[in-house]
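K.L.:
For the record, the sequence lines run as chains R and Y. So the first sequence is numbered by the working numbering: it starts at 68 and just counts up by one. So the second sequence is numbered by the working numbering: it starts at 2 and just counts up by one.
Nothing false has been slipped in among the hints.
Here are the simulated lysine to any residue pairs, SDA-like style, with alpha carbons at most 25 Å apart:
no., chain 1, residue 1, chain 2, residue 2
1, R, Lys119, Y, Pro283
2, Y, Lys571, Y, Trp308
3, R, Lys112, Y, Thr323
Sample of chain R residues lacking proximity to chain Y, with all beta carbon distances greater than 12 Å (derived):
no., residue
4, Asp116
5, Lys119
6, Val130
7, Gly150
8, Glu152
9, Ser161
In case anyone wonders, no lab produced these hints; they're calculated from the structure. Virtual Cβ for every residue (Gly too), placed ideally from N, Cα, C.
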Amino acid sequence: MAALLMLAAAACSQSAAPPVAVKPQPRMLQPRPLPNTAPGSYIVKAPADGDKSIRRLFSEYGVTLVRPLGNEQFEVRLSQDPGLEALQRLAAGSRGAVTAVQPNYIYTFH
Amino acid sequence: MNRAFLASLLAGLGLLPVQTSTFAGLPVLPQSTAQYSPNRILVKFKPGVSGPARALVAQTYGAQAMTALAYQPDITVVVLPPAQAVAEAIRAYSGHPSVAYAQPDYIYHIEAIPNDTDYAQQWAANNTGQTITTGTWTPTAGTAGDDMSLESAWNAQTDCSAVTVAVVDSGINYNATELAGNMWAGNARHGQNFAADAPTGVGSDPMDLNGHGTHVAGIIGAIGNNGAGVAGVCWKASLMAVRVMDASGAGLTSTIVSGIGYAVANGAKIINMSLGGNGYDPTFDNAISSLQTSGVLAVVAAGNSGWNNDSGATPTYPCNFTQSNLICVAALDQNFAHASFSNYGATSVDVGAPGTNILSTYAGAHATITDLAPGVASTGWTATSTTAQTGGGWLPGTTGVLSDPTAGWGTALYNAGTDDRVYKAFSLTGVNAAVLDARVMVNINSGDYLNVNYNSLGGDPFASGGINAFGATGLNLGTTTWYAFGGLDITPCIGTTCTVGFQLTSAAASTRSYGVQLENLTITTLTLNNTGFATLDGTSMATPETTGVAALVWAHNPQYTYTDVANAVKLGGRPVTALSGITATGNAVNGMGSLAYINAPTGISVIVR
Numbered sequence: 068m069a070a071l072l073m074l075a076a077a078a079c080s081q082s083a084a085p086p087v088a089v090k091p092q093p094r095m096l097q098p099r100p101l102p103n104t105a106p107g108s109y110i111v112k113a114p115a116d117g118d119k120s121i122r123r124l125f126s127e128y129g130v131t132l133v134r135p136l137g138n139e140q141f142e143v144r145l146s147q148d149p150g151l152e153a154l155q156r157l158a159a160g161s162r163g164a165v166t167a168v169q170p171n172y173i174y175t176f177h
Numbered sequence: 002m003n004r005a006f007l008a009s010l011l012a013g014l015g016l017l018p019v020q021t022s023t024f025a026g027l028p029v030l031p032q033s034t035a036q037y038s039p040n041r042i043l044v045k046f047k048p049g050v051s052g053p054a055r056a057l058v059a060q061t062y063g064a065q066a067m068t069a070l071a072y073q074p075d076i077t078v079v080v081l082p083p084a085q086a087v088a089e090a091i092r093a094y095s096g097h098p099s100v101a102y103a104q105p106d107y108i109y110h111i112e113a114i115p116n117d118t119d120y121a122q123q124w125a126a127n128n129t130g131q132t133i134t135t136g137t138w139t140p141t142a143g144t145a146g147d148d149m150s151l152e153s154a155w156n157a158q159t160d161c162s163a164v165t166v167a168v169v170d171s172g173i174n175y176n177a178t179e180l181a182g183n184m185w186a187g188n189a190r191h192g193q194n195f196a197a198d199a200p201t202g203v204g205s206d207p208m209d210l211n212g213h214g215t216h217v218a219g220i221i222g223a224i225g226n227n228g229a230g231v232a233g234v235c236w237k238a239s240l241m242a243v244r245v246m247d248a249s250g251a252g253l254t255s256t257i258v259s260g261i262g263y264a265v266a267n268g269a270k271i272i273n274m275s276l277g278g279n280g281y282d283p284t285f286d287n288a289i290s291s292l293q294t295s296g297v298l299a300v301v302a303a304g305n306s307g308w309n310n311d312s313g314a315t316p317t318y319p320c321n322f323t324q325s326n327l328i329c330v331a332a333l334d335q336n337f338a339h340a341s342f343s344n345y346g347a348t349s350v351d352v353g354a355p356g357t358n359i360l361s362t363y364a365g366a367h368a369t370i371t372d373l374a375p376g377v378a379s380t381g382w383t384a385t386s387t388t389a390q391t392g393g394g395w396l397p398g399t400t401g402v403l404s405d406p407t408a409g410w411g412t413a414l415y416n417a418g419t420d421d422r423v424y425k426a427f428s429l430t431g432v433n434a435a436v437l438d439a440r441v442m443v444n445i446n447s448g449d450y451l452n453v454n455y456n457s458l459g460g461d462p463f464a465s466g467g468i469n470a471f472g473a474t475g476l477n478l479g480t481t482t483w484y485a486f487g488g489l490d491i492t493p494c495i496g497t498t499c500t501v502g503f504q505l506t507s508a509a510a511s512t513r514s515y516g517v518q519l520e521n522l523t524i525t526t527l528t529l530n531n532t533g534f535a536t537l538d539g540t541s542m543a544t545p546e547t548t549g550v551a552a553l554v555w556a557h558n559p560q561y562t563y564t565d566v567a568n569a570v571k572l573g574g575r576p577v578t579a580l581s582g583i584t585a586t587g588n589a590v591n592g593m594g595s596l597a598y599i600n601a602p603t604g605i606s607v608i609v610r
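Just chain Y, same shape as in the assembly (with noise of 0.2 Å):
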């Protein structure tokens, strides 16, 4: 970007004066930034002031011209002589005796502002201190322009749909009536599905079935000035939904390159990443290195878990990899603070983003069906066992084996050599995802086995067409564990003859424990519409309101690189109190500041005669 650019830009924009003085060709950029005609001010008589005593007052100080405003006949344009400033008029003309105050005559423009419904809750384009009414996360006001200055960079540029955005999530509701039109149309189901629950083969369906990705994508680029809904940072965009997430929000290195391959290959120019994992994974550092060469830029999250990322103790993936087509993102929350939730880095984590009460679209509507908790009995249940127990508890004549969790443990041990199974059927009709969350206390020996089994046919899932989710050899925790399972998706199950159950297998020598305590069971459904929203926190949020940004500029200026994009992105932010010192640049992502950022020219050689 030129400076003769960046005048026409911010004249444009009305954040400059509209006259800009030139010499020898070159624009030179006006000293003051007060928004006012430079060569005309407005002056008010006083009462009873006729025109020709105007008119000599005028004369008095060399005005070119005056005008009296149409319908505001008490208010005078004064049309300055060449060489009267502004201020020196205002003096003299404040002076006069027949006068009652003179002042500039200010410039006003259309500030870009979306016809959105919801639009007033985004405080992330425009923070007037407003209450997010759906947010949960403290505070839920907070302070006005504390955020990414949208509007003004809105008047400059909307569409973004020349630069690719492939969201490498769950998928994306690419149904939902505030995305449909902006997703990329390379193929019909304007993605792929590389998620560990992908059918094999081209074609797989990218649809989001946990809802965390079409919120990601609505903050990124949901239609914007559509009258509906909320404004994406782009108005206009090229979604790619990129499914390496499955329904429960797991997703392994395996998937994400293979997603970061298909994104490449099909002319993704960014890719966002709102993921995380703790282990340093060359696998995926060296997909992110691959980047470079086609010149994508990739945007990730700094994490949710309040650590410093730079610690060696707690690197967080891909945000602590060093390539520079990576930027990092922190959250911050409606006062520009630092979220508490989310991890920083002096080295590692570039620049903060709003990340908290975020409204966006959403996949659609979630449901939980709970059916045990503390204390709480449940009824319904179908017990077997293959050997007569004794005791109490919920299989007849069993002590603390699968055991109801009003009857906590019992006094006795579990058979060796049995199979003790307990099962439930459960309704899940018009309802697209599935994910079983369970807390169990374990108390079983080696060799001895828990596993959870569903069938969507219904009857005993241990029986023949049941499936496993633990996998095939079941889960062996040994001796005393309470432990949480971290979400099983039971999608197949989806019917309404969906069975889950629970088994205890021990070996015949088996020495034997006090069993499995089920504490509490909920199954948590997704029902996909297209008319969703949700208000979500995280350094998920914070990193698709760069990336949008990061797209804005791309569009603007489609000459530049990965390395300018991240430079106007990442220097171009406001720099803020609270990430300096715990963030590389100490700045809050900022559209405007981001599309006025000049780029350092490159490739300029001097010869010195």
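Isolated chain R (complex conformation) (with noise of 0.2 Å):
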């Protein structure tokens, strides 16, 4: 579990910058936020052929799991996560095979 938190931590993270190393002062910065969400983890409804359909669809994000929740829905982990947008235009475009994609949300204690 939270492995996979920091791996969103990590997704979020990647850019673009210059590749310039600047001396940090580290007491003056604050704790990155926990993500909310599982990368690599979404919630994939599929009404027809559910797990067929599903690893055929993301098969290029490598699928590592795809679980049964009920009500035609599954748990779907990838090894490459492409994130949500790129997955619901997936799902967009499936003909009606993959009809609803969200993430994994993480849940804490209150």
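Hints given; two lone chains; assemble the complex.
P.N.:
Written as structure tokens, this is what we have:
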């Protein structure tokens, strides 16, 4: 779980910033907030032929898990995370094979 | 609940005079709530007034009978004539020169006070203004009477075992002595494990490796009146352990909805979820809606950020879901003031309940290993590098690369194409869970990575067999970031030879930076035991207080729907100034009030002829 949190931070922070080393001032910084979604993990609705449809549609991102959750929904994990929007674009073009993609949100104690 | 039943219930509780009158078969509730016998009074005569003289006085006022109390011969019980009210009789007798005083013959009854040894610390059940000795939230002493009136409620109902309550949380230590007898008996492990660290397959153990779920479970249903520990809101219960949060205290949409599905499929009537997140989650939303078809009630926490959940900027889910089978709970302190950490919302949050300094069961005992701290050097680390570094720091000849916190940042950059590692062995024996926390300063370039690995077999955790706590590809935080790890569950590393390590890898073409500085490293362990207790704060605690009351109500009224139970819990509460305008009802959850709440009858048709 925590590993997933860290990966999300990594995904958010990668950028094309110029490769110039800047000497940091450690004590002046604040902790980076944790992400609220698990990177590489999504909830996918696939009404027909669920498992196969998902594996076929997202194959280029390395599907490592498709687990049924009921109500035609599946937890899907990808080894290469293209981000939610890319997956939703794929779903939109899937002719109904995949009808919805949402993040796998992270919950904590309250 | 009809009026006759209410009257008998209240009379049985001693909250009303025992006698009620009836007219044409319909009970009429007494106007007064005074608790004394309506047909007799006590009269104390002055010294020296003889028996015949007393009888003469009684005869003067029409008494039907009089009897001196055994062992209290100066006091006489006088039975009044049917037409004489108690108040009238007291006035009459008090004015007689032979009488010292006259008073009602008050009705006393036994409150249902459990004999659990730590019960006096449970202010939510009975707030006497007591100091909670293990409490850390100020105030630790509050206002007498600011509680859930559970002792009155317990006169009517203590057994909730007919209503299975699913604790969708970090699991439950189902072996705890205060819980074992109240666990759901649907399978040998009293539930199921769906957390992200769960092995696949049926039968995965929902044992609590965090502690939170066991605390929640104890609030709902620690065995009551057993002469030990604490009393749950339900003295007898059926607690289903549904583990959806891992040892670090994190869960996912996927684990939670799986747990909800399991709970419903196995007969849970109430689901307690002391958890939350901040993104609108349609899958979770649909899962709550689907509970309605099974007649299941969900009780959830408002959150501990101190913010307004109704603000568009800060919704909290599942609290902000809008289904009628969902109750969202804020936290109150011992003065029934709004606990400052508690989220609120005039629309989204329904009620408040005690949520500070709450004593309950706990899964075991925590211990903390602190190895690095600012300004404190550490020893015993092994350092390796595939390239020759220059400068000072942890690794011989390196600068600011996986550096000793006493060394601070150096003046040189790490090498391109390097693989720098530091690791250390920790003995994690005799424990059941371990969570790694760290704070690091990261100054690495795109394409370079920080990894945190562990290996239960010891040695270099980045060699074969090591597990990357971040996942497969490691962490690339880019340029300067002070990063606090929120908790890496390293429970698989438990053993005598656990090694934990940090690794910096840089690309061959890396333009390099200053590297990584470790600032803090702690490993928090949990060792299970069956007699643990803890005092905690949070809407996580207010939620099961409410769930327990819902279970009492449902057990007392098996014919109720979730709507009836929700109404009784929300509308049977006690109005509290601090909750007015910041919750939908303005009410604090009240056990007795909820039991006595009369749901409006439905399904009645009137035919006009």
